[in-house]
Amino acid sequence: MHPPDTQAHCFAEDSPGFGNGSLIDENSGKGTVALETITLTINDKVINCPSGISILQAARREGIKIPTLCDHPALESVGACRLCLVEDKGGRLMASCVTPASEGQVLKTDSPRVLAHRKNIVRLLLAEHPESCLVCNKGNRCDLRAIAASLGIGETNLYPMPHARTMEQANPFLVRDLTKCVLCGKCIRADHELVVVGAIDYNRRGFLSRPETVHERPLEESTCAFCGTCVSICPTGALSVKNAHFVGTPEKEKSSVCGFCGVGCSLVLGSAAGRIVEVNPADEPSTVNGPTLCLRGHFAHDYLHSENRLTTPRVRKNGELEDISWNDAVSRVAERLLEIREKHGPQSIGFLGSSKCTNEENYLFQKMARAVFRTNNLDTSGMAPARAVLEEIKGLKRGRRSTAPLKDLEKTDLLFVMGVDPSHSSPVLAYHLKRASRKGIPLVVVDPREIELARFATCRLQVRPATDALLLNGIAALLREGVNGRRYGDGTTSLRGFAEHEKQLASLDLNEVCRLSGVGEEALERTAKLLRGKRPIFVVGRGVFHQKACRDTMKALSNLSLLTGDTGSGRSWLYAPTYENNEAGAWDMGVSPDTLPGGKPLGAKAFRSHWERAWDVMLSPDPGLNVIRMIREAEKGNLKALYVMGENPVRALPQPEYVTRALENLEFLVVQDILDNETSRVADVILPGAAFSEKMGSFTNMEGRIQRFEAAVPPPGQSKPDLEIINLLLKEMGQASLGGSVDKLRKEIAKLIPEYGDLPSSAGEAWVREAESEGTDPQEEPLFFPIPELKSPEHDDAFPFTVILRSFRAHLGSGTRTSRSERVEEKGWRGEVEMSARDCESLGIRDGDRIRVVSPHGAVEREVKIETGLSSGLVVVPRAFGDNDAMNLFPFKERKESNFTGWITCPARVERRAR
Amino acid sequence: MHEQSKEFELTAEEAAALDEIAGALGRFGQERGNLIPILQMVQERLSYLPPRAIELVASHLGMAPCEVYGVATFYNQFRFHPPGRYRIKVCLGTACHVKGGDIILENFERKLGIRDGETTPDREFSIERVACVGCCALAPVTVINETVHGHTAPSKVEGLLLGFQIERERKEREDKKHADGESQDH
Ligand code: SF4
Ligand code: SF4
Ligand code: SF4
Ligand code: FES
Ligand code: FES
Chain A
1 MHPPDTQAHC FAEDSPGFGN GSLIDENSGK GTVALETITL TINDKVINCP SGISILQAAR
61 REGIKIPTLC DHPALESVGA CRLCLVEDKG GRLMASCVTP ASEGQVLKTD SPRVLAHRKN
121 IVRLLLAEHP ESCLVCNKGN RCDLRAIAAS LGIGETNLYP MPHARTMEQA NPFLVRDLTK
181 CVLCGKCIRA DHELVVVGAI DYNRRGFLSR PETVHERPLE ESTCAFCGTC VSICPTGALS
241 VKNAHFVGTP EKEKSSVCGF CGVGCSLVLG SAAGRIVEVN PADEPSTVNG PTLCLRGHFA
301 HDYLHSENRL TTPRVRKNGE LEDISWNDAV SRVAERLLEI REKHGPQSIG FLGSSKCTNE
361 ENYLFQKMAR AVFRTNNLDT SGMAPARAVL EEIKGLKRGR RSTAPLKDLE KTDLLFVMGV
421 DPSHSSPVLA YHLKRASRKG IPLVVVDPRE IELARFATCR LQVRPATDAL LLNGIAALLR
481 EGVNGRRYGD GTTSLRGFAE HEKQLASLDL NEVCRLSGVG EEALERTAKL LRGKRPIFVV
541 GRGVFHQKAC RDTMKALSNL SLLTGDTGSG RSWLYAPTYE NNEAGAWDMG VSPDTLPGGK
601 PLGAKAFRSH WERAWDVMLS PDPGLNVIRM IREAEKGNLK ALYVMGENPV RALPQPEYVT
661 RALENLEFLV VQDILDNETS RVADVILPGA AFSEKMGSFT NMEGRIQRFE AAVPPPGQSK
721 PDLEIINLLL KEMGQASLGG SVDKLRKEIA KLIPEYGDLP SSAGEAWVRE AESEGTDPQE
781 EPLFFPIPEL KSPEHDDAFP FTVILRSFRA HLGSGTRTSR SERVEEKGWR GEVEMSARDC
841 ESLGIRDGDR IRVVSPHGAV EREVKIETGL SSGLVVVPRA FGDNDAMNLF PFKERKESNF
901 TGWITCPARV ERRAR
Chain B
1 MHEQSKEFEL TAEEAAALDE IAGALGRFGQ ERGNLIPILQ MVQERLSYLP PRAIELVASH
61 LGMAPCEVYG VATFYNQFRF HPPGRYRIKV CLGTACHVKG GDIILENFER KLGIRDGETT
121 PDREFSIERV ACVGCCALAP VTVINETVHG HTAPSKVEGL LLGFQIERER KEREDKKHAD
181 GESQDH
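Chains A and B supply the protein sequences, listed in that same order.
Residue numbers for the first sequence follow our numbering, so the first one is 1 and each next one is one higher.
Residue numbers for the second sequence follow our numbering, so the first one is 1 and each next one is one higher.
Fair warning: there could be bad hints in the mix.
[Said to hold, decoys possible] Ranges between beta-carbon positions, derived for each pair:
#1 G828(A) <-> E55(B): 22 to 28 angstroms
#2 D19(B) <-> T166(A): 33 to 39 angstroms
#3 S762(A) <-> E55(B): 52 to 58 angstroms
#4 T37(A) <-> T94(B): 53 to 59 angstroms
#5 T166(A) <-> E55(B): 22 to 28 angstroms
#6 Y75(B) <-> S762(A): 56 to 62 angstroms
#7 Y75(B) <-> L124(A): 24 to 30 angstroms
#8 A131(B) <-> P162(A): 26 to 32 angstroms
#9 A12(B) <-> T166(A): 31 to 37 angstroms
#10 E7(B) <-> S51(A): 50 to 56 angstroms
#11 G828(A) <-> K156(B): 48 to 54 angstroms
#12 D19(B) <-> R61(A): 55 to 61 angstroms
#13 A837(A) <-> A12(B): 18 to 24 angstroms
In case anyone wonders, no lab produced these hints; they're calculated from the structure.
All residues carry an ideal CB built from backbone N, CA and C; glycine is no exception.
Isolated chain A (complex conformation) (with noise of 0.2 angstroms):
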């Protein structure tokens, strides 16, 4: 057993964090409250605005243009280009974005003084800039070449005098060409004020200032994290994406959301000659991004036109792979299934929906298994998601699902993270989380790892892996004690198992509590009393999920969460983010083993008839075999034929051989996607898919957003959108009238499962719906768990180690799509394994050497990096790199079977390789 390494840290509330970026009120978009309505004049017009706002806002509410460069309605006004100048009435001219607009002003936007002076303003800024608008990136989304035109200026008749800067173009995302830059700031303020990174500020001063890395040294070097989002908002061509095969300005731009996480960002997508050559954020406000996005949304969909794109339908004949023509790869998919379903009955054929797929295709997808092959043998090849562990606990009703826009985490009194490194799998959740606490709500960061989001913690708990539900208990018992003798309310006491659960808490051994999970005392007292009289937000996420003893742990959770008073089932507690694009939907529409579309459980009859009427058909009540099972009833050569849309299981799935070899003794194998890639190697057939970019749909993000998006380019080859390749087969079946178009199946959707209403509607936001209650059920009334008894976490001599696979920002899920990007390849990130200095130095290893890291069911060969904060006796693994190879540590066993060890962590020793 290694000496535990307390590391926990608890800073003083008002913990420094860097910037000093006040942030924005999301309804008028600067950090003012308005009191009460002035009115003034603009351009003889009279307005009637609400005071505290800026004369450019209130100009901008009349759809009055004012020129601006360094404004940004996300961003603080810092009244740097001057570009905004308006006159009043006396004379003045005065910036108008860093003005308050106030009762009587008579301003003029355009008069022939402020005409003057702007023109003037942007011909010093042309005298400085070099004349290379032809060849610049920014082309027509430069603001700077907008605005001069609009000025009707052509030669500035000054003399050039450009300050002459080295192009910095090192890394694959982004070029550096500071000799444009205007020293708007805009990028700066992104950076600090919007994602929190603080890679860069101004330095020097006059002419000589630029916004820059600490020592001018390349962004690489920095803790710059390529989330791309100053290129997209700097105006100029100073900051511009770096494209290997294109240069010039997008053809067409069209709306879409990013394909990546579950946060679902609202993208603009740039495409010339059908290909997508620029994303930006589409930087509005209502959107869950506003104007940032993250290094894959910005720069990893390159992956979309990477040469391992499938474009025509193939087949198997005499063991390899043939092209032919959709007609015969239809005929040949509906003729076999149809078969195998007769000769060896419903349970032989399994089916993957996919989390990257469309909420329609799903929905069809699902249909299809259960109307036309009676089968509930559906899963995706996800490891289970959040919803599942939560439907299987009684009593957990009120946390289930979480609809809130992840704005609202800045609304809260306390936000408390757990087993979530969103920096990482989910940046832009992150950047939420990092300004509430920039905007002073208290964080509990409870981690193994010193995840980035720790630095800006009010409390920190470096908790050792697998004691997460001790430390919340333990955190329960210091509660209790409430503040001056007044401790619960009448909601929390009179629940149902209070008493018992006090008595527990009562007698919880806090020494032991500490013992056991690594965390100082002092550390759980003051997390304890920063809860005390607050109802936390709890956001949690896979490494609490993906723990075996997740049940523990969300019940603890769900104790906690009530003591703080937070009975009421209005707001969720409880904050679970989904980790890819559609993981939410694809659960929504059914495409799940136990649960039919809306979620509803599969055993009860009465759920069961509502779909039966609505397809009329009769459904299997047999709940079908997961994704674990399906496997294995495929190595075992029960289950004959698997048709797998979007997903890729030998990826994403523990013990890649043994998935491997379990597909191949399948009788049919149908893979139907965009990318060749290891599951599709050893289909019988395949039928290329469309990307999100290719094809009209709707995702579901972690918020329960429904978002709309359309094709931005066709597919390429001979690819068809997914639900267009559903309908081929639903079609040579016989069961055409199942499917339909996207316009009818979103329609039959909002008809059947009421959460999804909002779906077919085609203006504004859709939401998902919370559901009317069902009546009320004893069983899901609010309750106190018991609290298990203390353990001690097992501990193997021969692996004394723990591995914990970790996220890296480049990479998502298992990394299929993301390392088709040329540019994430480029950048060559080795995804090192992490050590602690500790550990190394008893091992003898150096930073940089190879190791092997070995756990009971297989091992991981890397570089290791020496990881300052991380606690000993850990083991850091990224995902996604080395074709996933981290999931060869993992038993291929499901949650419900003995000697399941997890998904997040497993026992593991290390071996040193040759140097």
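Given the coordinates of chain A, work out where chain B with the ligands should sit on it, guided by the hints.
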């Protein structure tokens, strides 16, 4: 200007001073307002602000290192290179400027292959520009360590550097002599 400052390896004394600085930071509160006094304290002890010091200060104040760097580079008083053994200060005050001080500066820069504000990698020479040093009659003026050199002309720049070179070589020979214990000369 220097596009990217090379990182100088810290000398043993500097490393020790840095440790002391880390301890001394505790005396300053964590408000951002303390940034300038802290930077001045660091520069007083180290004569310049090495990257590691900037990181220390940034983490003490909870700022991003680039913010600290941005503020420090705003002021002329802060240096980012260690002073050389020969600290060359070229005057660019009004009189010296009129008399072509910038040509002298350029000469030093070209000869030594470094820019103003920088130090040669062997830490022998550093160049800085200064404002009037108070002997305008001698313009253009260069101050090297404590010695004032008046009426500096490009030819004089060459002469000065040559002189240092000769002096250094002589010193090296002598050191060697001392080390070897006996004369190698004939
Ligand atoms: S890419 Fe993102 S992290 Fe990097 S400097 Fe720009 S805004 Fe900051
Ligand atoms: S790089 Fe762009 S965004 Fe940043 S200050 Fe310069 S012009 Fe503005
Ligand atoms: S990967 Fe997630 S956070 Fe990044 S742009 Fe896409 S949706 Fe947004
Ligand atoms: S927009 Fe007002 S000063 Fe730049
Ligand atoms: S200006 Fe150089 S000494 Fe006065």
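Supplied distance hint 31 to 37 angstroms, evaluated on CB atoms of A12(B) and T166(A): holds, 35 angstroms
Beta-carbon spacing of G828(A) to E55(B) - inside the hinted bounds 22 to 28 angstroms or not: holds, 26 angstroms
E55(B) and S762(A) - C-beta distance against the hinted 52 to 58 angstroms: At roughly 53 angstroms between Cβ atoms, E55(B) and S762(A) fall inside 52 to 58 angstroms, so the hint holds.
Consistency of beta-carbon spacing, T94(B) to T37(A), with hint 53 to 59 angstroms: holds, 57 angstroms
Outcome for the supplied range 50 to 56 angstroms, where the beta carbon pair is E7(B) and S51(A): holds, 52 angstroms
Pairwise beta carbon distance, A131(B) to P162(A), judged against the given window 26 to 32 angstroms: holds, 27 angstroms
Verdict for D19(B), T166(A) (Cβ pair) under range 33 to 39 angstroms: Holds: the Cβ-Cβ distance is about 36 angstroms, inside 33 to 39 angstroms.
Range agreement (Cβ of A12(B) with Cβ of A837(A), hint 18 to 24 angstroms): holds, 23 angstroms
Outcome for the supplied range 22 to 28 angstroms, where the beta carbon pair is T166(A) and E55(B): holds, 25 angstroms
G828(A) versus K156(B) beta-carbon gap, inside 48 to 54 angstroms or not: holds, 51 angstroms
L124(A) and Y75(B) - C-beta distance against the hinted 24 to 30 angstroms: This hint holds: roughly 25 angstroms between Cβ atoms.
Distance restraint evaluation - Y75(B), S762(A), Cβ atoms, bounds 56 to 62 angstroms: 58 angstroms Cβ-Cβ, so the 56 to 62 angstroms window holds.
Every hint from the earlier list agrees with this structure, and none is contradicted.
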